[in-house]
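Keeping their order, the protein sequence lines are chains A and B. One point on numbering: in my numbering, the residue at position 289 of the first sequence is 289, and numbering is uninterrupted. One point on numbering: in my numbering, the residue at position 588 of the second sequence is 588, and numbering is uninterrupted.
Treat the hints as calculated values from the structure; they're not laboratory data. Note that beta-carbon positions come from the ideal geometry of N, C-alpha and C, so glycine has one too. Just to be clear, a hint being listed does not mean it is correct.
Computed footprint of chain A on chain B, listed as stretches where at least three residues anywhere in the stretch have a Cβ under 8 Å from a Cβ of chain A [what the hints assert, rightly or not]:
| # | region |
| --- | --- |
| 1 | 257 to 263 |
| 2 | 532 to 545 |
Here are the simulated SDA-like pairs of lysine to any residue, each with C-alpha atoms no more than 20 Å apart in a straight line [said to hold, decoys possible]:
| # | chain 1 | residue 1 | chain 2 | residue 2 |
| --- | --- | --- | --- | --- |
| 3 | A | Lys254 | B | Thr113 |
| 4 | A | Lys254 | B | Asp151 |
| 5 | B | Lys217 | A | Gly515 |
| 6 | A | Lys254 | A | Thr208 |
| 7 | A | Lys254 | B | Ala109 |
| 8 | B | Lys217 | A | Thr208 |
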Amino acid sequence: MTVADRPTPRDPSDDGLLRRGLAVIGVALRSAPRPFSVGIGGSLVYAIMMVLSSLVLGWITDEVLIPTFAAGEIDRGLLLTAVLLIVGVALFKAIGVVGRRLGAYYAQFSLQSSYRRQVTRRYLELPLAWHRRHPTGELLSNANADVESAFFVAAPLPMAVGASVLLAITAALLIVTDPALAAIGFAVGPLLGFANWFYQRRMRSAATVAQQARAEVAEVAHESFDAALVVKTLGREDAEEERFRAVSDDLRDKMIRVGRLRAFFDPVIEALPNVGILLVLLVGAYRVRDGALTPGDLVQFAYLFRLVALPMRVFGWLLGELPRAVVGWDRVSRVLAATDRMTYGDAPGAGQGGADAAMVEVGFLHPTSARERLDGVAGPVAPAAGDDLTSAGAEDHRRGIDSVTFDVAAGRTIALVGATGSGKSTIASLLVRLYDPDHGQVTYDEHALPDLARDQLADHVAIVFQEAFLFDDTVRENITLGAELPHDRVEAAARLAQAHGFVTALGAGYDTMVGERGATLSGGQRQRIALARALVRSPRLLVLDDATSAVDPAVESAILRGLADAELPATVIVVAYRQGSIALADEVVFVDEGRVAARGSHRRLLAEVPAYRQLVTAYEEEARERDIAEQAAAEAGPEPDR
Amino acid sequence: MSRHREAATTRPTTDARGAQPEGAWRTFRRGLALSPELRVGLAVTMLLALVATAGRAIVPIAIQRTIDDGLESGAGLDLDAVAVVVLAAFVAVVITALASGAMNYRLAAVVETALSSLRVRAFRHIHDLSMLHQATQQRGGLVSRVTSDIDEISRFMQWAGLNLITSVGQLTGATLVMFAYSWRLTVLVLVVFVPFMVGARWFQRRLTVAYLIVREKVGVMLGALAETVVGAPVVRAYGIEERTQARLDERIEEHRRAAVRAGTYSSLFSGSGEVFGALATAAAVVGGGLLGIDDQVTVGTVLAFLFLITLFVDPVLIAAEVINEGQTAVAGWRRVLDILDVEPDVADPGQEGRELPPGPVHIRFEHVSFRYPQPGEVARAASGPVVLEDVEVEIAPRTRVAVVGETVSGKTTFAKLLTRLMDPLEGRVLLDGIPVDEVRFSSLRRRVVMVPQDGALFDGTIADNVRMGHEDLSDEDLTLAFLELGLGDWVDELPDHLRTPVGERGGSLSAGERQLVALARAYVANPDLLVLDEATSAVDPATEVRTQRALAGLTSGRTTVTIAHRLSTAEAADEVLVFDAGRLVQRGHHRDLVAEGGVYGALHASWTRGVGTWS
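Given these sequences and hints, build the entire structure.
Here is the structure:
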């Protein structure tokens with residue numbers, strides 16, 4: 001499926017937006033009712049106090065200041081009342097503001113953390129096939145940025161509720177005291193709201209575009225720095241600089257566009273309330289002359305206008321957040337609603353010694369290019385894009401294995417041999433059920449893998465990948481993975497993996513932190529710790545997927561010899577083309593082009609299968625040819641000068 | 001790029017925690033000096049900012065004039081006066097809006113332009129440094145030098161910094177206007193605000209720490225998140241979902257707690273702002289009333305004060321939050337500066353450099369020693385452990401040389417010095433008799449190509465990756481190259497042949513396949529000196545032999561240096577160099593070295609044991 005075939009993602013700013021935005025707000029309110037109650041309560045208190053404070057100010061002007069100035073003497077009682085009113089109202093206002101903001105913060109961060117937990121829980125539940133379909137960066141940003149943007153909307157929510165109440169009260173007050181002034185208010189208020197809404201809408205799309213440009217800059221920098229050695233060795237610095245300049249300039253232009261929008265709208269939104277106040281003053285003056293209004297009323301309205309201006313902006317923020325919230329929420333829900341699932345039975349995995357393992361006509365193809373995007377389709381009924389991919393599979397670009405059949409008797413060691421790209425790693429992944437095959441059956445101790453209870457396989461089967469993945473934790477934790485194991489078992493496993501020596505030389509031995517992804521260790525050291533991790537569990541089936549590729553030959557042969565001598569009570573499957581690993585095996589399964597091409601002892605395959613012979617004896621063959629050539633050269637003349 | 005900064009400014013990167021106020025100011029000045037574009041039209045922008053800020057006093061003044069001149073002028077209501085005031089204020093509001101718009105736009109254009117050029121400069125500079133390929137764990141940090149660090153500066157300059165300036169302007173302006181109305185009332189209001197200012201300082205410090213913790217917790221949380229996603233196969237294979245989730249939950253919760261804590265300080269702070277605003281208002285009413293009796297102030301003045309006080313609280317609230325952003329930005333700026341301060345240790349001689357003469361390359365190492373620099377050291381004064389010591393070797397053109405040794409023997413360092421990815425601490429490396437640091441990069445990189453173990457691929461097709469640097473090659477040329485390398489079958493079996501996408505960082509291919517693409521890339525470059533650093537470690541033996549043979553270019557006769565831990569390569573070489581603990585301990589033909597024993601004998605013994613006894 002190409003990009004063009006996909007339904008165009010719906011522009012989140014079109015008509016369904018408000019409805020869907022309200023749905024997100026509904027989810028937010030239901031998920032964090034208590035913080036929102038506090039926040040909205042605080043916001044209401046604040047709104048009421050805001051109106052009260054302007055009433056108090058009007059009252060003070062009319063009843064305290066003007067009489068005092070006119071009479072030239074002070075009424076202490078009145079003045080004290082005024083002070084108490086101002087401070088009392090302010091105290092409640094402060095309580096309101098703290099309540100509103102605390103509630104909003106609590107709501108926002110609780111929602112974020114709760115949905116982060118839910119999303120990551122789904123990640124851990126969803127099968128690896130699903131993971132494979134989604135780029136790493138997308139999964140990371142879904143649990144981080146998408147969750148965040150879905151619930152940014154929580155922050156202005158309590159304030160918006162308060163602002164609505166404030167507006168209603170203000171409107172009522174205006175109408176009751178003076179309809180003429182109310183008319184100005186009704187003219188300016190919606191105008192401001194509309195300007196805000198329009199601004200936020202324009203701003204949001206400009207900001208989204210800039211955000212994409214920013215991601216592009218980061219992506220190019222990442223890729224380029226990752227490939228620094230290649231860039232340097234091929235002398236590509238200038239080309240890379242140009243590539244980076246292009247994306248950086250693009251980001252610059254988009255940011256300037258954002259700046260231009262802000263430069264246009266910010267002053268307008270700032271000026272509108274001021275214009276409103278000036279109109280109130282002008283019209284108000286006429287009304288005072290006509291006796292329809294007292295000067296105090298006028299001051300009160302001017303003040304009220306000023307106070308209302310800020311809350312009015314909150315509607316702009318809220319509306320502006322909606323598109324982002326909707327997009328974020330859609331992406332989050334797609335993960336939460338993903339239906340891919342591995343099924344489990346109730347068969348046990350425990351038993352004595354090594355387990356039997358087998359594959360019967362197993363086929364598994366995975367797409368090389370098709371990736372599913374979390375925001376690909378934004379509709380009410382989201383079709384599982386995974387099924388889509390399967391149905392489009394006929395003309396899709398896929399690689400994998402066609403039909404693989406072989407079995408391994410309990411306790412035996414098998415070498416899985418094949419050329420680069422022949423499907424060895426795919427077989428290894430299927431044996432430990434990282435994926436379920438498209439067809440055919442993988443079995444463990446006579447049980448089809450899906451019949452085993454959840455985690456039974458993980459408890460009794462271990463795989464070591466070529467690319468060792470370490471967690472940001474201690475050496476010990478990386479070996480035990482949290483299991484309560486006595487130190488001597490950990491050490492024994494480390495010794496067998498030839499890791500004990502270098503581990504004890506580390507600063508804190510087994511309690512040394514290895515850094516992010518084990519960055520403080522070399523590739524070979526990481527592989528050895530990963531191997532110890534597998535060995536310490538005494539698995540009944542051990543799968544080594546070229547697990548010692550980065551280890552020195554001397555250490556590698558020590559490991560292999562150790563494994564052979566230890567006579568592990570396990571069935572071992574070694575993915576390899578290295579002679580050392582092959583020598584360890586009782587038998588060889590030769591894989592070619594996604595099928596088992598031959599099987600038997602190493603000696604027999606050497607003798608009977610030319611392709612196999614060609615593959616594993618390439619070095620010796622080369623040496624032999626060379627010797628012949630050298631002899632010929634020596635006979636032909638003096639050895640070339642070295 | 002000319003830089004005349006003193007070397008003393010080169011300091012190891014300090015984190016945000018270590019930011020001192022003086023250091024911040026200094027960083028700020030150095031940062032401005034680095035981007036002269038930022039000063040373009042600065043005076044005009046600042047003037048506009050001043051006008052925009054002053055505009056905030058318009059409405060309180062207009063109210064005062066309306067009340068005093070129009071309503072309370074004693075001679076009844078003067079509607080003309082009110083109209084004049086309102087009209088004047090309206091004009092002022094429009095001017096203010098225009099000034100504010102122009103300032104915003106100018107600021108965005110200038111800042112974004114300056115920072116984009118800084119971004120590109122830092123990017124290029126990082127590529128020119130050798131640190132990238134020395135310390136893999138720093139890569140993520142280096143990416144943030146050209147992304148988030150610069151974004152922080154931009155945000156600060158355009159939003160926070162601007163807010164800070166206008167806030168200070170607003171405070172000053174409001175104070176001046178208040179003084180003009182009545183100095184007595186002003187003093188009264190200021191006295192009421194003193195405890196608030198002190199409290200603001202306290203809150204600001206608390207907020208700084210709180211936000212710093214939030215940022216740390218975000219980093220920790222993202223790290224755990226990345227582990228969960230990237231490490232998914234391990235998590236699944238070992239059934240440690242619950243443990244992984246528990247660890248992640250803990251970090252998510254820590255982040256939430258830190259964020260709520262910062263939010264709590266911020267909420268309490270704005271609450272206190274309300275209270276002090278009210279106290280000041282009450283003080284103005286009482287003071288105004290008392291002064292009014294003596295005809296010292298008018299009603300309008302007192303009312304204007306009540307409005308001016310609202311201009312007083314917000315800037316303090318904003319300033320306290322903005323200072324946090326400022327510290328983040330300064331820390332980011334400092335990190336960018338620290339990178340730019342590091343002189344490129346392996347510099348291109350450029351136009352003054354020499355060309356390598358055509359034909360297969362002759363290699364000579366003269367008493368070459370190398371140490372890695374300790375953290376914070378420059379390469380020329382490196383004092384780390386010795387990796388290569390007094391290496392003296394000559395390699396004739398057209399020779400196929402294998403370099404072998406244990407992991408820390410120095411063989412990879414040898415390759416990096418040979419290709420001038422690094423310069424030796426002592427001694428010289430000569431190619432065709434020319435010291436390698438005198439060869440201009442355009443010549444060196446074309447003639448000398450190295451294939452590293454991890455031949456990083458770029459997201460694109462196989463053809464895109466092979467064609468890199470040789471865009472003129474047709475698809476047929478590439479197909480032919482793969483055929484010559486003996487990889488025709490492999491390409492044929494790919495679903496889309498040369499057009500097969502390799503995925504992010506080549507993730508759709510296996511490790512061995514990625515190496516094949518990197519080999520093809522080197523092959524089409526057709527260099528005169530080819531250096532292979534474990535370039536086929538993940539490739540099957542038959543393919544390895546085929547490709548290596550093709551690469552050695554028996555017909556074109558290039559010089560080839562192969563670093564390998566598979567001794568098969570050594571057996572096939574014209575000559576073997578054996579390194580041990582940084583020294584060249586043995587050299588000669590495989591046969592002779594086996595006979596000689598020593599380090600090579602031991603290596604060979606373990607290799608043949610690994611190979612097995614069946615051959």
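Now for the hints, and whether the structure bears them out:
{"no.": "1", "hint": "257 to 263", "verdict": "holds (count 3)"}
{"no.": "2", "hint": "532 to 545", "verdict": "holds (count 9)"}
{"no.": "3", "hint": "A:Lys254 <-> B:Thr113", "verdict": "holds, 11 Å"}
{"no.": "4", "hint": "A:Lys254 <-> B:Asp151", "verdict": "holds, 13 Å"}
{"no.": "5", "hint": "B:Lys217 <-> A:Gly515", "verdict": "holds, 17 Å"}
{"no.": "6", "hint": "A:Lys254 <-> A:Thr208", "verdict": "holds, 10 Å"}
{"no.": "7", "hint": "A:Lys254 <-> B:Ala109", "verdict": "holds, 10 Å"}
{"no.": "8", "hint": "B:Lys217 <-> A:Thr208", "verdict": "violated, 26 Å"}
Consistency note: the structure conflicts with earlier hint 8 alone.
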